[in-house]
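J.: For reference, the chains in residue letters:
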Amino acid sequence: MNEISLILDAYFYIAITVFLLGSLYYIISWIFSKKGITNTYLGFPNLFTYPGQVSKWDAIKNILKRIFLFSSIKYDKSTRIISLLFHYSLWIIIFAHFDLFLEPYLVSIGIGIQTIETISFFAGNTLAIIFIFSGLYLLYRRLSNVYLRKISNIDDYLSLILLLLFGFTGLLMRLLLPSFYAYNVVGPFISSLFSFHPTDIPIAPIFITHFILACTLVIYMPLSKLLHMFSFFTNPTLYSIFHER
Amino acid sequence: MKYSIRDIILESPSGKGEEWLKRQKSLEWSYEINERLAKDEQLEKIFLKREGKEKDFLDAFLKLGNTKALRNFMETCMHCGICIDKCHMFISTGDINNSPVGRAELVRRIYKDPRVKNVDLSKIYSYYYQCTECRRCAVFCPNGIDQSEITRNVRNVLTSMGIIPEYVVTTLAQVYRVGNNLGLNEKAIASVVNFLEDDLKEETGKELRIPLNSKADFLLIPSSTDLFVNTDTMKGYTKVLNALNKKWTISSRATEAANFGLFASEKYLRDFGNFVVDEAISLGVKTVVWGECGHGWRSASNYVRYELAKNGIELMHIHQFTLKALERGQLKVDKNKNDDLFNYHDPCNYARGGNLVNEPREILKMVVRETVEAKYTKEETFCCGAGGGLLADEKNWNEFRAWAGWPAVYYSWKTGASYMISPCAIDKAQFPYVIDYHKVPLKMKGLMDLVGYALEI
Ligand code: SF4
Ligand code: SF4
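Top line first, the protein sequences correspond to chains H and F.
When we follow the numbering used here, the leftmost residue of the first sequence carries the number 2, and every step to the right adds one.
When we follow the numbering used here, the leftmost residue of the second sequence carries the number 20, and every step to the right adds one.
Don't read these hints as lab results, they were simulated from the structure.
Check before you lean on any hint, since a few could be wrong.
[Said to hold, decoys possible] Keeping only pairs whose Cα atoms sit at most 30 Å apart, straight-line, the calculated DSS-like set for lysine-lysine is:
#, chain 1, residue 1, chain 2, residue 2
1, H, Lys-151, F, Lys-329
2, F, Lys-68, H, Lys-36
3, F, Lys-44, H, Lys-151
4, F, Lys-72, H, Lys-36
5, F, Lys-354, F, Lys-225
6, F, Lys-68, F, Lys-58
7, H, Lys-36, F, Lys-142
8, H, Lys-62, F, Lys-462
9, H, Lys-35, F, Lys-286
10, F, Lys-265, F, Lys-329
11, H, Lys-36, F, Lys-136
12, H, Lys-35, F, Lys-329
[Stated by the list, open to error] What the simulated footprint calls covered on chain F by chain H, stretch by stretch (three residues with Cβ under 8 Å from a Cβ of chain H suffice, anywhere in the stretch; the number is not a length):
#, region
13, 111-125
14, 183-197
15, 315-328
16, 340-353
From a predicted model like this one, the values you see are computed outputs, not experimental measurements.
Backbone N, C-alpha and C define an ideal beta-carbon position, used for all residues, glycine too.
My request is simple: use the sequences and hints to build the entire structure.
T.: Laid out in structure tokens, this is it:
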């Protein structure tokens, strides 16, 4: 195995470990930390904000609506639509990466490799473009509003810029590398990483950049505001009703 | 970019909006309220001393920082800014430190980096006493970050160091002295009760009693202001309880629905709640009926309820009690007595802290000719701008509070109603003032007042 591969493979495993341990640390500390010295929130057993949220089902509905529809941003329409696009395109793209492992299976059940490649080419590029533009809008929103600028810190910019670069290099990969590259080269490499028998990393600068950015993001996640993706389920104002007194 | 909701400032019929905006030249602008800090002899009355420095604040806050709420709220904010223009304090001042996230940042910086040494305590004090603990931010924050809970934690620490406004301290001291915020002793209460009974006799021609300190099934906890200022509310309670022939009483030792402990620290919240519990036990009541008070109901339904339950006593709000009777047809009401258009304003602590949004609406529909809803209702309601211990009558503060209450009054005014109905003791003191300041053609009443007018007895 060459040196670059060795370093990058190690980086990959370090990233996954940091991500898992870091996220677990936070999730566990949010769930299991005490409400307070008297085991109440300064006297109160609960903190829920929604009137009529008397059943657990109401609370679940409320949390799910917040997560999937961004229901709490209802009075900021443009921000809501654009951040919905931003988050959904990101998640779909991330899940679509599983086709790197799935392709051999899909082919084996009779879906033509050409069909897969065409769909993922068009859908992937469209989503990446949506992702990049909505991300740029969010950056613009942060920079153009003096109030928002005042409360923003490096983390806010870094998270967004890392994500944008990640999306951009992904798009470039599609456009610059020959078709079937993902299927023939990247897929097997990623599979090898997950099966703990890493092979040499494909030598394509754009792929290596994308790969490094992805690992960096994964490391950065538990250290930054990107943690917010886990917090919905542990926030006492939203799920407090599940606590026993 | 500007926040369009702030345009309502210019729409004030008082014509003072432009000048008010001009005074907000920078992003950080607010009245310092430091001069209102309590003095040593006042602190003594609530068992406090002014002690501790920046370093002590740091240590105490970081210790609290291990709790579930603070961990979540300090670590998960993504600085999206959605909450900024949801806070009436930001809308009225345009001061970023007076927005939920801006306020949180004042302590989040310390939380995230405990090596920070230079804490500006007077800044923290100033802004943390300008949050009315209304929780509107928690409804709109995608993550549900509840700034009022951060405020309560910070105030807990500040209070223990004796850093607390004069107004809050004098109120707390009154409760320790006589059991209510206004400082009415037993003699004063007895004479007010006599006066009210005479008044009721004149009005209705009937002998309606307000039993004081007697053994009964129901203990009514009115706001002390209901006895003194908002007497129509007190008359409403009296008419309902008498019409139902209940064995009820008020107590001269627990004549306070409000609980300023919520605005200071956990110790006071518990102490005042326990005063009521003790009184309920000693009078042998089965049910405690809570009067009209927003934050008082939040403390009652989230704290007193459980303490009472340990002694087999039930807690009810006067609205829940009245609605039940109305639905069973035990009370006869005549809608025509309230022949006008009414808008119900949700007190923030009923809607976001006390689970009381439907009962008052249903009562209102039964006792008035017509009702209308405002743009932001239920959990989205705007705060009156005087909660959190900000009702103080101070020279500089008064103008501030007239603007802090403007969003709530503005949206009620825009419904075209002639009456704004808000069953909360603080609202009843704050809104008439805001309405008057802005010269808005609105009148303000409590809900039980209307029940009293409509009741046929
Ligand atoms: S609790 Fe109310 S006053 Fe305090 S920051 Fe939130 S919205 Fe503003
Ligand atoms: S809405 Fe919530 S997450 Fe967004 S800035 Fe405000 S407190 Fe932070």
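J.: Next, verify each hint and record whether it holds.
T.: Each hint tested on the structure:
1. For the hint linking H/Lys-151 to F/Lys-329, the alpha-carbon distance of about 49 Å lies beyond 30 Å, and the restraint is violated.
2. A C-alpha spacing of about 27 Å is found between F/Lys-68 and H/Lys-36, which places the hinted pair at or below 30 Å, so the restraint holds.
3. Of the supplied pair hints, the one linking F/Lys-44 and H/Lys-151 holds, its CA atoms being roughly 15 Å apart against a limit of 30 Å.
4. The suggested pairing of F/Lys-72 with H/Lys-36 holds, with an alpha-carbon distance near 26 Å, which does not exceed 30 Å.
5. For the hint linking F/Lys-354 to F/Lys-225, the alpha-carbon distance of about 21 Å falls within 30 Å, and the restraint holds.
6. Under the criterion of a C-alpha separation no larger than 30 Å, the hint pairing F/Lys-68 with F/Lys-58 is consistent with the structure, at around 9 Å.
7. Proximity of H/Lys-36 to F/Lys-142 is assessed by CA-CA distance (about 27 Å); at most 30 Å being required, the pair is judged to hold.
8. With a C-alpha separation of about 38 Å, the suggested pair H/Lys-62 and F/Lys-462 falls outside the 30 Å cut-off, and the hint is violated.
9. For the suggested pair H/Lys-35 and F/Lys-286, the alpha carbons sit about 18 Å apart, so the restraint of at most 30 Å is met.
10. Of the supplied pair hints, the one linking F/Lys-265 and F/Lys-329 holds, its CA atoms being roughly 24 Å apart against a limit of 30 Å.
11. A C-alpha spacing of about 27 Å is found between H/Lys-36 and F/Lys-136, which places the hinted pair at or below 30 Å, so the restraint holds.
12. Only pairs whose Cα atoms come within 30 Å are accepted, and H/Lys-35 paired with F/Lys-329 is accepted, the gap being roughly 23 Å.
13. With 5 residues bearing a CB less than 8 Å from a CB of chain H, the region 111-125 of chain F meets the requirement of three and the coverage assertion stands.
14. For the region 183-197 of chain F, the stated coverage by chain H is not satisfied: 0 residues place a CB nearer than 8 Å to a CB of that chain, which falls below the threshold of 3.
15. A stretch counts as covered by a chain when three or more of its residues have a beta carbon under 8 Å from one of that chain; for the region 315-328 of chain F and chain H the count is 4, and the coverage holds.
16. Given a C-beta distance limit of less than 8 Å, the hint that chain H covers the region 340-353 of chain F is violated, as 0 residues qualify and 3 are needed.
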